[in-house]
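Chain A is fixed; fit chain B with the ligands onto it per the hints.
Line order of the protein sequences matches chains A and B.
Just so it is clear: in the first sequence, position 137 is 137 by our numbering, and no numbers are missing.
Just so it is clear: in the second sequence, position 195 is 1195 by our numbering, and no numbers are missing.
Simulated from the structure, these hints should not be mistaken for laboratory data.
No experiment lies behind these values; they were computed from the predicted model shown.
Beta carbons: idealized from backbone N, C-alpha and C, even for Gly.
Some clues are possibly wrong.
Dumping the calculated DSSO-like pairs for lysine-lysine here, alpha-carbon to alpha-carbon at most 30 Å [as the list claims (entries may be wrong)]:
no. : chain 1 : residue 1 : chain 2 : residue 2
1   : A       : K114      : B       : K1011
2   : A       : K137      : B       : K1214
3   : B       : K1011     : A       : K132
4   : B       : K1366     : A       : K114
5   : B       : K1366     : B       : K1011
6   : A       : K58       : B       : K1363
7   : A       : K137      : A       : K119
8   : B       : K1214     : B       : K1363
9   : A       : K119      : B       : K1214
10  : B       : K1048     : B       : K1058
11  : A       : K132      : B       : K1007
12  : A       : K114      : B       : K1007
13  : A       : K137      : A       : K114
14  : A       : K114      : B       : K1214
15  : B       : K1011     : A       : K137
16  : B       : K1048     : A       : K119
17  : B       : K1366     : B       : K1279
18  : B       : K1214     : A       : K32
19  : B       : K1007     : A       : K137
20  : A       : K214      : A       : K250
21  : A       : K114      : A       : K179
22  : A       : K137      : B       : K1366
23  : B       : K1366     : A       : K58
24  : B       : K1279     : A       : K58
25  : A       : K179      : A       : K132
26  : B       : K1366     : A       : K119
27  : A       : K58       : B       : K1214
28  : B       : K1007     : B       : K1366
29  : A       : K214      : A       : K58
Covered stretches of chain A (chain B as the covering partner; in silico rule of three or more C-beta atoms under 8 Å from a C-beta of chain B) [said to hold, decoys possible]:
no. : stretch
30  : 52 to 59
31  : 67 to 81
32  : 86 to 96
33  : 106 to 117
Simulated DEER-style distance windows between Cβ atoms [claimed, not checked]:
no. : chain 1 : residue 1 : chain 2 : residue 2 : range
34  : A       : E134      : B       : I1037     : 39 to 45 Å
35  : B       : V1350     : A       : R115      : 37 to 43 Å
36  : B       : I1037     : A       : K137      : 31 to 37 Å
37  : B       : Y1040     : A       : R88       : 34 to 40 Å
38  : A       : E134      : B       : G1239     : 37 to 43 Å
39  : A       : S77       : B       : L1347     : 35 to 41 Å
40  : B       : M1289     : A       : E249      : 56 to 62 Å
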Amino acid sequence: MIENDIAVQVRDLRRTFGSFVAVDNISLRVEKGEIFGFLGPNGAGKSTTIRMLCGLLKPTSGGGSVAGFDILSESESIKQSIGYMSQRFSLYDDLTIEENINFFSGIYNVPRQKRAERKDFILSISGLHERKEELTKNLPTGFKQRLALGCAVLHDPSILFLDEPTSGVDPMSRRNFWKLIYDMAGRGTTVFVTTHYMDEADYCGRLALIYRGKIVAEGTPADLRLRFMKQDVLEIPVDRPVEALESLEKEGLESAIFGSALHVVVDDAATEIPRIERILSAANIRAGKIEKILPSLEDVFVALIESS
Amino acid sequence: MSILRVKAITKKEFIQVGRDTFSLLMAFLMPVMLLVIFGYAITLDVNKIRTVVYDQDKSSESRELISRFRDCGYFTVEAYLDNHLDIDSNLDSGNAFAAIWIPRDFSKKLQARIDSPIQIILDGSDSNTATIAQGYILAITEEYNAKFRGVRAVPLVDARIRVWYNTELKSRNFIVPGLIAVIMSVIVALLTSLTIAREWERGTMEQLISTPVKTSELILGKLIPYFVIGLIDTLVAIGMSVFLFDVALRGSIVLLIALSSIFLFGSLSFGIFISIISKSQVLAAQMAMIGTFLPAFLLSGFMFAISNMPKPLQVLTYAVPARYFVSIVKSIFLKGSTLTMIGVEALLLVIYAVAVFMIANRKLAKRIM
Ligand SMILES: Nc1ncnc2c1ncn2[C@@H]1O[C@H](COP(=O)(O)OP(=O)(O)O)[C@@H](O)[C@H]1O
Ligand SMILES: [Mg+2]
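Just chain A, same shape as in the assembly (with noise of 0.2 Å):
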């Protein structure tokens, strides 16, 4: 019955907690070895509905299959095929490095003969060779973050599930964690990866925003650029980003803050642009040279969750 290329096909699932909706009736079908990126903001069901992907939380109502096994029956042998990486550093801080890796070689039972060179393998990944010895609560969080993922493929899973891997990490350290997402994902894993950070969307081949426990969008970062964002983004340098927000949103422009600038979202670029230059001169806010830009997948993200 499940296809032999999907890694994760589910169907209406939903968790509450209480009265409190956290995941409302998703669905999801993952194939094999893509890079999955499932989006959101803080709050919005991610970590829940990953839970319920790895066995770890039963689903309210719903159901369907991970790795070919059922998630309502079928949940230890799920956890056989696949690695897990929570958001919360999971590793033993009062372990060594070694220490670490050895703990979960014993625990998927990775074979005596194949030990040494995961070992090995997971050391060169995170670049810890020359620290194993160290306890890992000494590691800065890039390295920790490293050796986590390093930790969950240790049995070489065939579906990774990563839970906002990148988060609290310095920019450097995320590209590069990125790189280790596509090099195992070039070694035929499939991938499926939560992140807040909206500039993260475009490395995954396929991407669902999750919103409020909803799914408000899915598709490659391509097609959500074309289907999602007819309209013009202007972005304006401006000295006051927040008052500017205001008094724009007020005469009913749906902007958001950049940094230092704001994006607007209009219809037509030409006829709009004046009238912002009136608004923010009125409200007394020096305004730099508006410019059309290429709309960001945050650009779409932040129009999709206005419109929802």
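Just chain B with the ligands now, with coordinates in the frame of chain A:
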């Protein structure tokens, strides 16, 4: 069940305990300290029990009884009274801890070979000393009875207690074996109660339950290190009892260790069970204290004779595994009991250990909620 996984968990747990100063102190210093403190403290204050005597009979028989009290070394006669009202005032003021009241017809009844009660009044506010004093009194009157037959001591508190087998009349002899049992149940349950709660608190549990590890492997892997620690503690405690406190071990040390292992297994499983249901270290520690320390201290018969307790509490003691273990350790130490003599207690400990392990295993769901 995968031996490799159990081994990985055991090894990890050993490393973690070895690096955690608190656990190490709890595991190795605490039992020794408790044994020294209780072993000495409890022994010291029962040596010279201040006693007043109200001898209405003033016969040679009554004088002999009094001299037996005086000469055994545990009682000092502070005063001879000639009014029973003075007994109250002496006890109330703390001037005396015990009073011996020999009635007028004491020697007459003795010679007539009929029951000749004397009255012993003890200050019950220090019930521990009182219990021990009762033991002494009984032993002394028994010896005296051997000569006269028919004397019966009637202390205000019932005195039929364990001193029967403590023929050297040393309180240590029954305090120290009981203490071993108490320490075993408290220390190991407290140590293990933290292990799974700690994993929930630090977030490492979420990672663990995402792996194929089985709950029984997880529990067993975590039990083994603490079992080893508990066994070392037991040996140290037995050694201290014999060599430091001079309590003779009459029974078989192999039997003692075997039964201690069974008790340890039960206590450890109970600690794990607490750890599983509490999910936080503070709560787990509190539950372990309430769940093991209090019953082991108060209801096991170690501190307070079970026969002295109010009926409902006596019934409750049957549910306290430490009760059976205290009685096992005391029997093996003092009576030299063999397995057939303490078979029922041993069997109850086995049932308890297996039941708690199975409950813990069921309770540990590999789910977040
Ligand atoms: N165990 C829980 N009990 C109650 N509420 C929860 C629980 N787990 C998550 N939630 C709530 O569900 C919502 C979604 O949480 P989560 O899936 O962690 O979001 P995300 O990972 O996208 O930030 C949040 O509002 C969170 O407070
Ligand atoms: Mg999350």
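Here is what the structure says about each hint:
1. Distance restraint check for A/K114 and B/K1011: the Cα-Cα separation of roughly 20 Å lies within the 30 Å cut-off, and the hinted pair is therefore satisfied.
2. For a cut-off of 30 Å, the pair hint linking A/K137 to B/K1214 stands: about 27 Å separates their Cα positions.
3. Restraint check for B/K1011 and A/K132: satisfied, since their Cα atoms lie roughly 18 Å apart, inside the 30 Å limit.
4. Simply put, B/K1366 and A/K114 have alpha-carbon atoms about 27 Å apart, close enough for the 30 Å limit, and the pair holds.
5. With a C-alpha separation of about 21 Å, the suggested pair B/K1366 and B/K1011 falls inside the 30 Å cut-off, and the hint holds.
6. Under the criterion of a C-alpha separation no larger than 30 Å, the hint pairing A/K58 with B/K1363 is consistent with the structure, at around 16 Å.
7. Distance check on the hinted pair: A/K137 and A/K119 sit about 19 Å apart at the alpha-carbon level, within 30 Å; holds.
8. In summary, the hint linking B/K1214 to B/K1363 is supported, as the alpha carbons are separated by about 13 Å, within the 30 Å threshold.
9. Under the criterion of a C-alpha separation no larger than 30 Å, the hint pairing A/K119 with B/K1214 is consistent with the structure, at around 23 Å.
10. Only pairs whose Cα atoms come within 30 Å are accepted, and B/K1048 paired with B/K1058 is accepted, the gap being roughly 24 Å.
11. Restraint check for A/K132 and B/K1007: satisfied, since their Cα atoms lie roughly 21 Å apart, inside the 30 Å limit.
12. The straight-line distance between the Cα atoms of A/K114 and B/K1007 is roughly 18 Å, inside the 30 Å bound, and the hint therefore holds.
13. The suggested pairing of A/K137 with A/K114 holds, with an alpha-carbon distance near 27 Å, which does not exceed 30 Å.
14. A threshold of 30 Å between alpha carbons decides the hint, and for A/K114 with B/K1214 the separation of about 22 Å falls inside it, so the pair holds.
15. For the hint linking B/K1011 to A/K137, the alpha-carbon distance of about 19 Å falls within 30 Å, and the restraint holds.
16. Annotation: proposed proximity of B/K1048 to A/K119 is violated, straight-line Cα distance about 68 Å (limit 30 Å).
17. Distance hint between B/K1366 and B/K1279 is fulfilled; the C-alpha atoms sit about 13 Å from each other, no more than 30 Å.
18. Of the supplied pair hints, the one linking B/K1214 and A/K32 holds, its CA atoms being roughly 28 Å apart against a limit of 30 Å.
19. Distance hint between B/K1007 and A/K137 is fulfilled; the C-alpha atoms sit about 24 Å from each other, no more than 30 Å.
20. With a C-alpha separation of about 28 Å, the suggested pairing of A/K214 with A/K250 holds against the 30 Å cut-off.
21. As the CA atoms of A/K114 and A/K179 are separated by approximately 24 Å, the hinted pair is consistent with the 30 Å bound.
22. Simply put, A/K137 and B/K1366 have alpha-carbon atoms about 26 Å apart, close enough for the 30 Å limit, and the pair holds.
23. Proposed proximity of B/K1366 and A/K58 is supported: the alpha carbons are some 11 Å apart, at most 30 Å.
24. Taking the CA atoms of B/K1279 and A/K58, the gap is about 19 Å. The hint holds against a cut of 30 Å.
25. For a cut-off of 30 Å, the pair hint linking A/K179 to A/K132 stands: about 22 Å separates their Cα positions.
26. The straight-line distance between the Cα atoms of B/K1366 and A/K119 is roughly 27 Å, inside the 30 Å bound, and the hint therefore holds.
27. At roughly 18 Å between alpha-carbon atoms, A/K58 and B/K1214 fall within 30 Å of each other, so this suggested pair holds.
28. Between the alpha carbons of B/K1007 and B/K1366 the distance comes to roughly 19 Å, so the proposed pair stays at or under 30 Å and holds.
29. At roughly 18 Å between alpha-carbon atoms, A/K214 and A/K58 fall within 30 Å of each other, so this suggested pair holds.
30. Counting residues of the stretch 52 to 59 of chain A whose beta carbon lies closer than 8 Å to any beta carbon of chain B gives 5, which reaches the threshold of three, so the coverage claim holds.
31. Under the rule that three or more residues need a Cβ within less than 8 Å of chain B, the assignment of the stretch 67 to 81 of chain A holds, with 4 such residues.
32. Coverage of the stretch 86 to 96 of chain A by chain B holds. Counting CB-CB distances below 8 Å, 9 residues qualify, and the rule asks for three or more.
33. Here the stretch 106 to 117 of chain A counts 4 residues with a CB under 8 Å from a CB of chain B, which clears the bar of 3, and the coverage holds.
34. Checked against the given bound of 39 to 45 Å, the beta carbons of A/E134 and B/I1037, roughly 40 Å apart, stay inside it.
35. At roughly 38 Å, the beta carbons of B/V1350 and A/R115 sit within the given window of 37 to 43 Å.
36. In this structure the hint that B/I1037 and A/K137 lie 31 to 37 Å apart at CB holds, the actual value being about 36 Å.
37. At about 48 Å, the CB distance of B/Y1040 to A/R88 disagrees with the hint of 34 to 40 Å.
38. One distance hint, 37 to 43 Å for the beta-carbon pair A/E134 and B/G1239, holds here, with the actual separation near 39 Å.
39. The given range of 35 to 41 Å is respected by A/S77 and B/L1347, whose C-beta atoms sit roughly 40 Å from each other.
40. The given range of 56 to 62 Å is respected by B/M1289 and A/E249, whose C-beta atoms sit roughly 57 Å from each other.
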